[in-house]
Structure formats: C-alpha cells, structure tokens
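A.B. asks: When you get a sec, could you build the whole thing from the sequences and use the hints?
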Amino acid sequence: MVWSVVRHGSYSGAAATQGISHTTVSRRIAALEKSAGARLLVRSDGAWEPTDLGRQFVSAAEGIETALDSLALESGGAGGGVKGLVRVLAPDGLGGIAVGEAMRRLSETHPGVRLEMINAARRPSANLVGIDVAVVVGRPEVSRNESFHVADYFLGLYASAAYVERHPALESPAQLQEHPLLYFIESMQDVPELIDPVRHLPRMHQSIGATSSMVHVELTRSGAGIGLLPCYLADRAGVRAPTHSLASAPS
1 MVWSVVRHGS YSGAAATQGI SHTTVSRRIA ALEKSAGARL LVRSDGAWEP
51 TDLGRQFVSA AEGIETALDS LALESGGAGG GVKGLVRVLA PDGLGGIAVG
101 EAMRRLSETH PGVRLEMINA ARRPSANLVG IDVAVVVGRP EVSRNESFHV
151 ADYFLGLYAS AAYVERHPAL ESPAQLQEHP LLYFIESMQD VPELIDPVRH
201 LPRMHQSIGA TSSMVHVELT RSGAGIGLLP CYLADRAGVR APTHSLASAP
251 S
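Counting along the sequence shown from 1, when you hit position 1 you're at 1 in the numbering used here, and nothing is skipped either side.
By construction, these hints were calculated from the structure, which means they are not laboratory data. No residue lacks a Cβ here, since even glycine has one placed at the ideal position from N, Cα and C. Hints are supplied without guarantee of correctness; some may be wrong.
[Claimed, not checked] Pair ranges (Cβ atoms, derived): (1) Ala162 with Leu106: 18 to 28 Å; (2) His110 with Pro173: 46 to 56 Å; (3) Met117 with Lys83: 38 to 48 Å.
[Stated by the list, open to error] Below, simulated SDA-like cross-link-like pairs (lysine to any residue); rule was C-alpha separation at most 25 Å, straight line: (4) Lys34 with Ala60; (5) Lys83 with Glu116; (6) Lys83 with Arg104; (7) Lys83 with Met117.
C.D. replies: Below is the structure:
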C-alpha cells in the first residue's frame, strides 16, 4: 500500500488503482505505521514521499512485483506482455513537444503500459521517488540510476512584433531594464540554472510570473512584456529572435 501511494503521489490515486476508497487507504497506512512504530510517509511539495523506513517498504514491494512479473513471463500467461505504470517527470515545454510524442509511440508499441507525465522544471535529485524517467535541468547527482545528457538548454529574451512596434528600438541590454519581464515566479522556483539568468537584469521588474514555460510563451505572444523563454519554444511560437542571450544550462 505504501508503494502504491508513493507511485501515484496521493491516497486518492492509490485508491483508484486498488479499487478501494480513500478512507480505506488512509486506514491501512495508519495501521502499517502503527505496526512499524514510525512514520512511513511524509507530505512534500503536494505529494506523499516515503521516509527512510518507508523506502524499505517501497523497495520490498517493487521486488515482489518484479518477481510476480517474472513468473508471468516465464509461464507465458496473460502477464507475458510488457505492462505496468511508468511515470515520467519533464518540464512542460519539453514534455509537450518531445516527451509526449515518445510516450505516444511507447503506448502504441506496448498497449499494456500505462503512462503518466508530471510536468515541472525540477532540480536534479537522487531522491525522485515514484518517478521512473526524469528530464531535469542541470547535472543530476545519481548513484544507482543511469543518467545521460539530452541537450543544451538555452534561454533568450523575446518579444512579440506588436510589442516591439509599440516601444522604442532596443539597442543594448541595458535598455531592457525599463521593460516588464515575463518569467517564473521566483519564490516557487528552486532550480539554480533557471534563477541565475534573472540576476543579469537586476532592474527589470517582473510584470507577470507563472510556473509554466508554455504560459510564458503565450504571454510574450500577447505583448504582455519581454519573455525570458527557452529558445526552442520561442522559435516554434514565432516570436522575435532574442534581443540578448543570457544563459544556457545543460538538461
């Protein structure tokens, strides 16, 4: 039961998979924690994550699942195909453009696999419990997991044609300080590679903040200000080339 809650991030998600009520899941977790004499789950960033003891429960459950799947494969029974839940963490822009297409192909090849994508720009972490594949910004610090470089990630300053026409021409980076910035909400962003570029523009006030790169793009297209955007998203959206390139971060 602990494994199911961690896998889905919530009691309700685990309940839906098990075909039981949210209350039943809560009661069973409480009973397990009472029997273990310690907490197995803690709330973190809107999802349930295991404690150190809880990780042992999760590891044991995964081992049991692997063993059962192996028996099904060897026997040639109904479980002989590839199946199960795969959870992917990816930034919303990359998730919609590249990861989503890869997931579509995987689901067609292996219809028994259920895929879930969690969209967020996260900093590298060795403790992304319940996540099978993670695309992160920065260099991951992993021990047991395999990691590899996907691509270089570039940010640039962009504006819509309408916005540029309404304002005097920008001839130097210093002039940007007088314009409103469209970017992440600083207090809700903990990825250093996404925070550092803003320090190059200390006098540029943030007009509208959002937690989604896709929203930044649409706000820029609407002429709400100058967007600090991933170059691959801005190019696809047709907004003007960056006035000044600020930074790149491996992802």
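A.B. asks: Given the proposed pairing of Lys83 with Arg104, does the C-alpha separation stay at or below 25 Å?
C.D. replies: Judged against 25 Å, a Cα distance of about 15 Å means the pair holds.
A.B. asks: Please work out if Lys34 and Ala60 have their alpha carbons no farther apart than 25 Å.
C.D. replies: 18 Å, holds
A.B. asks: So the hint says 38 to 48 Å: do the beta-carbon atoms of Met117 and Lys83 match that?
C.D. replies: 18 Å, violated
A.B. asks: Between the beta carbons of His110 and Pro173, is the distance compatible with 46 to 56 Å?
C.D. replies: 49 Å, holds
A.B. asks: Does the beta carbon distance between Ala162 and Leu106 stay inside 18 to 28 Å, or does it fall outside?
C.D. replies: 40 Å, violated
A.B. asks: For the pair supplied as a hint, Lys83 and Glu116, confirm whether the alpha-carbon distance does not exceed 25 Å.
C.D. replies: Answer holds: Lys83 to Glu116 is near 13 Å, not above 25 Å.
A.B. asks: Sort out whether Met117 lies within 25 Å of Lys83, counting only the CA atoms.
C.D. replies: 17 Å, holds
Consistency with the previously given hints fails for numbers 1 and 3, ordered from lowest to highest.
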